[in-house]
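Enquirer: Chain residues, written in single-letter form:
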Amino acid sequence: MRDYSNFIIISIIFLLSLFIINNPYFIHLIILSGIFGILAIYWNLLDGYLGLINFGYAAFFGVGAYTSAILSMKLNITLPLSIFIGGILAGIIGILVIIPCLRMVTFSTAIVTLAFGEIMRIIASSWTSLTKGEMGLWGIPPLFEGANKKPYGLVIILLLLLGILGIQIILKTPFGLAIKAVRDDEISSGVLGIYPSRIKIIASGISCFMAGIVGGFYAHYILTITPAIFGIAYTIQIMAMSLLGGKGTIYGPLMGTLVLIFLGEGTRFLEDYRTLIYGAIIILIVMLFPQGLAGIYQKFQNIFKR
Amino acid sequence: MEVFLQQVLNGITIGAVYSVIGVGFTLIFGIMRILNFAYGEFFMIATYIAFFAYKDFGIPLIFVLIIAMILLFCFGAITEKLIILPIRKKAKDWSAGVIMATLGLQVVLQSLALILGGGTFRGIASYLMGSLMIGPLIISYERLLILTISIFMLIATLLLINHTKLGLMMQAVAQNKEAAIVSGINPNKIYTISFGLSGLLVAVPGVLLMPILYAYPTVGQLPIMKAFAVTLLGGMGNIEGAIIGGFVLGIAEIFASAYISTLMKDGIAFAIMILVLIFYPSGLGQFIKRYKFSRSKI
Amino acid sequence: MDKLILNVDHLTAYYDDLIALKDISITVKEGEIVAVIGANGSGKTTLLRSIIGLHTQKDGSITFNNELIKDLPSYKIVSMGIAYVMSEQALFPELTVEQNLRVGVITINKKEEIKKAFENVYSLFPILYQRKNQIAQSLSGGEQKMLAIAKALMMNPSLLLLDEPSLGLAPVIVSKVMEKLLEINKEGVALLLVDQNVQQALRISKHAYVLENGKIVKHGESSSLINDPLVKKAYLGR
Chain W
1 MRDYSNFIII
11 SIIFLLSLFI
21 INNPYFIHLI
31 ILSGIFGILA
41 IYWNLLDGYL
51 GLINFGYAAF
61 FGVGAYTSAI
71 LSMKLNITLP
81 LSIFIGGILA
91 GIIGILVIIP
101 CLRMVTFSTA
111 IVTLAFGEIM
121 RIIASSWTSL
131 TKGEMGLWGI
141 PPLFEGANKK
151 PYGLVIILLL
161 LLGILGIQII
171 LKTPFGLAIK
181 AVRDDEISSG
191 VLGIYPSRIK
201 IIASGISCFM
211 AGIVGGFYAH
221 YILTITPAIF
231 GIAYTIQIMA
241 MSLLGGKGTI
251 YGPLMGTLVL
261 IFLGEGTRFL
271 EDYRTLIYGA
281 IIILIVMLFP
291 QGLAGIYQKF
301 QNIFKR
Chain B
307 MEVFLQQVLN
317 GITIGAVYSV
327 IGVGFTLIFG
337 IMRILNFAYG
347 EFFMIATYIA
357 FFAYKDFGIP
367 LIFVLIIAMI
377 LLFCFGAITE
387 KLIILPIRKK
397 AKDWSAGVIM
407 ATLGLQVVLQ
417 SLALILGGGT
427 FRGIASYLMG
437 SLMIGPLIIS
447 YERLLILTIS
457 IFMLIATLLL
467 INHTKLGLMM
477 QAVAQNKEAA
487 IVSGINPNKI
497 YTISFGLSGL
507 LVAVPGVLLM
517 PILYAYPTVG
527 QLPIMKAFAV
537 TLLGGMGNIE
547 GAIIGGFVLG
557 IAEIFASAYI
567 STLMKDGIAF
577 AIMILVLIFY
587 PSGLGQFIKR
597 YKFSRSKI
Chain D
605 MDKLILNVDH
615 LTAYYDDLIA
625 LKDISITVKE
635 GEIVAVIGAN
645 GSGKTTLLRS
655 IIGLHTQKDG
665 SITFNNELIK
675 DLPSYKIVSM
685 GIAYVMSEQA
695 LFPELTVEQN
705 LRVGVITINK
715 KEEIKKAFEN
725 VYSLFPILYQ
735 RKNQIAQSLS
745 GGEQKMLAIA
755 KALMMNPSLL
765 LLDEPSLGLA
775 PVIVSKVMEK
785 LLEINKEGVA
795 LLLVDQNVQQ
805 ALRISKHAYV
815 LENGKIVKHG
825 ESSSLINDPL
835 VKKAYLGR
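Protein chains in written order, with this note's numbering: chain W, 1 to 306; chain B, 307 to 604; chain D, 605 to 842.
Treat the hints as calculated values from the structure; they're not laboratory data. Please read all numbers here as calculations on a predicted model, not as lab measurements. Accuracy of the hints is not assured; some may be wrong.
[As the list claims (entries may be wrong)] According to the in silico footprint, chain B covers these stretches of chain D (three or more CB under 8 Å from chain B): (1) 606-612; (2) 683-691; (3) 774-788.
[As the list claims (entries may be wrong)] Listed next, with one range per pair, are the computed distances between beta-carbon atoms: (4) W/I9 / D/L771: 56 to 62 Å; (5) D/G772 / B/H469: 55 to 61 Å; (6) B/I444 / W/H28: 41 to 47 Å.
[To be verified] Mimicking DSS-like on lysine-lysine, the simulated pairs with C-alpha atoms at most 27 Å apart in a straight line are: (7) D/K780 / B/K471; (8) D/K736 / B/K471; (9) B/K471 / D/K790; (10) B/K395 / B/K483; (11) D/K680 / B/K387; (12) D/K736 / B/K483; (13) W/K299 / B/K395; (14) B/K395 / D/K680; (15) B/K396 / W/K299; (16) B/K398 / D/K626; (17) W/K299 / B/K398; (18) B/K471 / D/K720; (19) B/K396 / D/K720; (20) W/K180 / B/K398; (21) B/K396 / D/K633; (22) B/K483 / D/K674; (23) D/K836 / D/K607; (24) B/K471 / D/K715; (25) B/K396 / W/K180; (26) D/K836 / D/K822; (27) D/K715 / B/K483; (28) B/K495 / D/K714; (29) B/K471 / D/K633; (30) B/K398 / D/K719; (31) D/K674 / D/K633; (32) D/K790 / D/K780; (33) D/K715 / D/K607; (34) B/K471 / B/K495; (35) D/K736 / B/K395; (36) D/K784 / B/K398; (37) B/K495 / D/K715; (38) D/K719 / B/K483; (39) D/K633 / D/K790; (40) B/K495 / B/K398.
The beta-carbon is built from N, C-alpha and C at its ideal position, and this holds for glycine as well.
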């Protein structure tokens with residue numbers, strides 16, 4: 001039970017704040033935290049746990065968003081189903097992208113995923129008959145009617161909690177142990193009867209599936225999407241949150257997300273500088289605190305233990 | 307036949323530019339096992355330097371080129387000292403950290419350019435008029451200049467690596483860092499110089515392509531994508547491979563846009579790249595006998 | 605000939621929390637051959653890496669010709685006249701024999717000195733002259749070892765540190781390498797060699813130290829150590 005104490009605390013905080021707060025702007029921030037929290041956590045599943053760098057992560061988010069938007073607009077597919085299909089498609093593409101990467105070194109993986117994101121962006125902006133090109137899609141059907149944002153908040157927070165619980169459970173199963181074995185020593189994990197490639201393919205599928213689901217939710221919440229959501233800027237944002245929190249931890253990326261979203265909103269006058277700040281955070285974290293906030297927290301804990 | 311030859315000539319010109327871009331990118335990978343994701347932004351800085359120096363200050367092109375090369379060398383060296391070196395000192399396996407930091411640097415430089423220079427395209431129509439006729443073939447003087455200087459830079463790079471003391475030190479550090487250290491070589495110095503050289507190389511297309519790729523905050527996206535493709539085609543860190551890869555890519559692109567569709571031009575780079583990677587994960591460079599920057603164990 | 609050139613005093617070396625060498629004191633006099641013998645994992649390589657500066661987690665003092673070199677970077681230490689021959693991966697695999705040797709004199713600018721170094725090394729190892737345009741990787745094990753030693757000699761050192769010069773070589777080649785080492789020593793180069801091949805090491809050295817689990821358990825004249833019952837039992841299998 002102790003393993004889940006963090007989870008219970010976070011669930012209570014999120015759900016309580018959703019019930020107490022009525023200011024729509026703050027609810028919007030909570031929703032954004034949920035969206036980026038999931039993305040940061042599941043990006044970190046690849047980078048932090050498997051050492052797989054996915055620089056095209058935002059593209060999977062974009063695939064989910066565009067798929068669900070197009071399906072619901074053009075084919076009138078009911079909403080939760082279209083989001084789910086978007087997630088599945090993102091997961092399948094995630095697997096297809098990772099397969100050629102398996103034979104490559106880290107460096108090539110980084111290049112291929114980055115190039116993939118760029119290709120997706122180009123497709124989205126040039127396939128005008130389907131995506132309306134650079135203009136983007138608008139008039140996407142909302143997930144919930146009415147101006148109240150609370151239902152969105154509830155859905156994304158439940159999704160976030162499910163996502164966290166999912167990772168916690170995954171890491172305890174034999175599959176999770178295999179992930180850890182692959183991370184610690186890819187070559188000798190093969191001796192234990194673990195196939196590192198299989199682990200990576202499955203983890204990649206899960207991670208991209210989640211990005212797709214969240215992307216679908218995003219599309220039906222924001223209601224307009226442009227090809228920019230495939231681009232590197234979103235991936236950078238997700239990376240900054242994840243790295244700031246601390247790679248290879250579950251709650252670190254969530255903390256990183258909360259800090260950047262609420263701090264980012266506190267410094268709204270810096271709007272133009274936001275990307276600059278995200279980039280600078282990544283550089284500084286990598287240079288000075290490779291373990292992120294989680295590492296700093298750990299240090300404090302050690303001090304008190306003594 | 308004449309059309310065909312003309313296409314080949316055009317392909318070679320573009321290929322030479324791609325080779326220079328690719329060599330600058332692959333060079334530091336070969337020596338340091340580092341990918342510089344801010345490489346496109348080095349190019350972007352060169353385009354701004356070129357525009358201001360040429361248009362606003364009216365400096366002759368050749369001096370603009372030299373100024374840009376010197377400034378980009380310094381910029382590369384400073385980047386290495388300020389950002390890469392601290393990361394290298396902190397962790398034993400620095401590859402992932404450096405990739406992320408340079409990606410961060412990429413967006414930092416892009417947003418800085420946007421904040422300082424705004425979102426306007428800055429460029430010139432051309433710096434050299436007229437064209438040369440060789441039989442049925444036509445090449446504009448501008449392209450001829452681009453081709454000549456690019457090939458000059460490629461030869462100069464090969465000479466530097468194969469026939470100078472600095473080149474020998476670079477090869478030594480790349481092949482066996484500890485053995486290089488105990489031969490009296492300071493690897494940090496070599497790393498800094500290599501990063502500078504990478505900047506110097508990318509400054510050349512940054513200046514010469516002034517009439518084609520205008521100075522703009524995100525102008526670096528195109529060259530870095532080409533650098534990726536060329537590097538993966540030629541084998542990571544393989545200089546000769548990158549040169550071959552650049553020409554292969556340039557010619558393939560020209561033929562794709564001539565005989566298939568113009569829209570396919572950028573897609574073809576990635577298609578070739580992915581095909582080669584599927585069949586030859588270590589690139590075309592493996593067909594070159596000796597690998598200057600390899601770390602095969604002895 | 606009795607001047608002290610290398611003085612390792614109370615050296616302790618770590619790998620984070622692990623102590624690899626404990627309170628080691630070793631001296632090498634000018635033109636002398638000193639051997640450090642010990643089993644695998646006793647800390648022999650760490651000792652050499654600490655002296656040359658490749659291993660940085662260490663306490664104590666290391667002086668060379670009365671200059672403190674403990675905290676200097678390796679590339680500076682080697683320019684003072686210590687050369688290091690690693691046990692494996694000592695070469696630049698894709699460079700030719702001649703280029704490998706050229707890296708050895710990379711810090712020297714005078715043309716005559718470089719020429720002299722080449723002449724000296726080629727006369728000592730004629731086989732390398734025959735193979736000078738061959739890639740290092742394509743040499744045989746023994747030739748690679750000779751090249752590694754030759755590359756170190758190019759720097760004209762007064763002290764040569766040798767890590768397992770007999771590792772992975774056939775017995776015939778081992779004695780050949782040892783003969784070369786004696787020849788090098790005759791020209792006034794002091795040698796500090798660590799080796800598992802205790803018999804050969806004790807045969808060519810004057811003094812020797814026995815290293816066990818990071819500590820020196822015995823030292824003295826090599827000729828007396830070779831008859832020491834403890835050494836005999838543990839290392840010579842007699």
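Enquirer: Decide, hint by hint, whether the structure agrees.
Expert: Evaluation of the provided hints:
Proximity of the region 606-612 of chain D to chain B, defined as three or more residues with a beta carbon under 8 Å from a beta carbon of that chain, is not established by the 0 residues found. Under the rule that three or more residues need a Cβ within less than 8 Å of chain B, the assignment of the region 683-691 of chain D holds, with 4 such residues. Evaluation of the coverage hint for the region 774-788 of chain D: breached, as 0 residues show C-beta separations to chain B shorter than 8 Å, against a requirement of three. In this structure, W/I9 and D/L771 meet the distance hint of 56 to 62 Å, their C-beta atoms being roughly 57 Å apart.
Separated by about 34 Å at the C-beta atoms, D/G772 and B/H469 break the suggested range of 55 to 61 Å. For B/I444 and W/H28, the Cβ-Cβ distance of about 59 Å falls outside the hinted range of 41 to 47 Å, so the restraint is violated. Proximity of D/K780 to B/K471 is assessed by CA-CA distance (about 33 Å); at most 27 Å being required, the pair is judged violated. Between D/K736 and B/K471, the direct Cα distance comes to roughly 18 Å. Compliance with the 27 Å bound is thereby established for this hinted pair.
Distance restraint check for B/K471 and D/K790: the Cα-Cα separation of roughly 32 Å exceeds the 27 Å cut-off, and the hinted pair is therefore not satisfied. Distance restraint check for B/K395 and B/K483: the Cα-Cα separation of roughly 15 Å lies within the 27 Å cut-off, and the hinted pair is therefore satisfied. Between the alpha carbons of D/K680 and B/K387 the distance comes to roughly 20 Å, so the proposed pair stays at or under 27 Å and holds. With a CA separation close to 22 Å, the supplied pair D/K736 and B/K483 stays within the 27 Å bound.
A threshold of 27 Å between alpha carbons decides the hint, and for W/K299 with B/K395 the separation of about 21 Å falls inside it, so the pair holds. Taking the CA atoms of B/K395 and D/K680, the gap is about 19 Å. The hint holds against a cut of 27 Å. For the given pair, B/K396 sits about 17 Å from W/K299 by alpha-carbon distance, which is consistent with the 27 Å threshold. Our distance criterion of 27 Å between C-alpha atoms is met by B/K398 and D/K626, whose separation comes to about 25 Å.
Restraint check: the Cα-Cα separation between W/K299 and B/K398 comes to about 21 Å, which is no more than 27 Å; the hinted pair holds. Restraint check: the Cα-Cα separation between B/K471 and D/K720 comes to about 18 Å, which is no more than 27 Å; the hinted pair holds. Annotation: proposed proximity of B/K396 to D/K720 is violated, straight-line Cα distance about 42 Å (limit 27 Å). Straight-line distance between C-alpha atoms of W/K180 and B/K398 comes to about 20 Å, which keeps the hinted pair within the 27 Å bound.
For the suggested pair B/K396 and D/K633, the alpha carbons sit about 38 Å apart, so the restraint of at most 27 Å is broken. Taking the CA atoms of B/K483 and D/K674, the gap is about 21 Å. The hint holds against a cut of 27 Å. Distance restraint check for D/K836 and D/K607: the Cα-Cα separation of roughly 31 Å exceeds the 27 Å cut-off, and the hinted pair is therefore not satisfied. About 13 Å separates the Cα atoms of B/K471 and D/K715, which keeps this hinted pair within 27 Å; it holds.
Restraint check for B/K396 and W/K180: the C-alpha separation of about 23 Å stays at or below 27 Å, so the hint holds. Between the alpha carbons of D/K836 and D/K822 the distance comes to roughly 13 Å, so the proposed pair stays at or under 27 Å and holds. Restraint check: the Cα-Cα separation between D/K715 and B/K483 comes to about 26 Å, which is no more than 27 Å; the hinted pair holds. Proposed proximity of B/K495 and D/K714 is supported: the alpha carbons are some 22 Å apart, at most 27 Å.
Of the pairs offered as hints, the one joining B/K471 and D/K633 is violated, with about 35 Å between alpha carbons and a cut-off of 27 Å exceeded. Restraint check: the Cα-Cα separation between B/K398 and D/K719 comes to about 39 Å, which exceeds 27 Å; the hinted pair is violated. With a CA separation close to 18 Å, the supplied pair D/K674 and D/K633 stays within the 27 Å bound. Distance check on the hinted pair: D/K790 and D/K780 sit about 16 Å apart at the alpha-carbon level, within 27 Å; holds.
Taking the CA atoms of D/K715 and D/K607, the gap is about 31 Å. The hint is violated against a cut of 27 Å. Taken as a hint, the B/K471 and B/K495 pair is honoured in the structure, with Cα atoms around 14 Å apart against an allowance of 27 Å. Proposed proximity of D/K736 and B/K395 is contradicted: the alpha carbons are some 37 Å apart, above 27 Å. In summary, the hint linking D/K784 to B/K398 is not supported, as the alpha carbons are separated by about 37 Å, beyond the 27 Å threshold.
For a cut-off of 27 Å, the pair hint linking B/K495 to D/K715 stands: about 24 Å separates their Cα positions. Distance restraint check for D/K719 and B/K483: the Cα-Cα separation of roughly 26 Å lies within the 27 Å cut-off, and the hinted pair is therefore satisfied. With a C-alpha separation of about 14 Å, the suggested pairing of D/K633 with D/K790 holds against the 27 Å cut-off. With a C-alpha separation of about 18 Å, the suggested pairing of B/K495 with B/K398 holds against the 27 Å cut-off.
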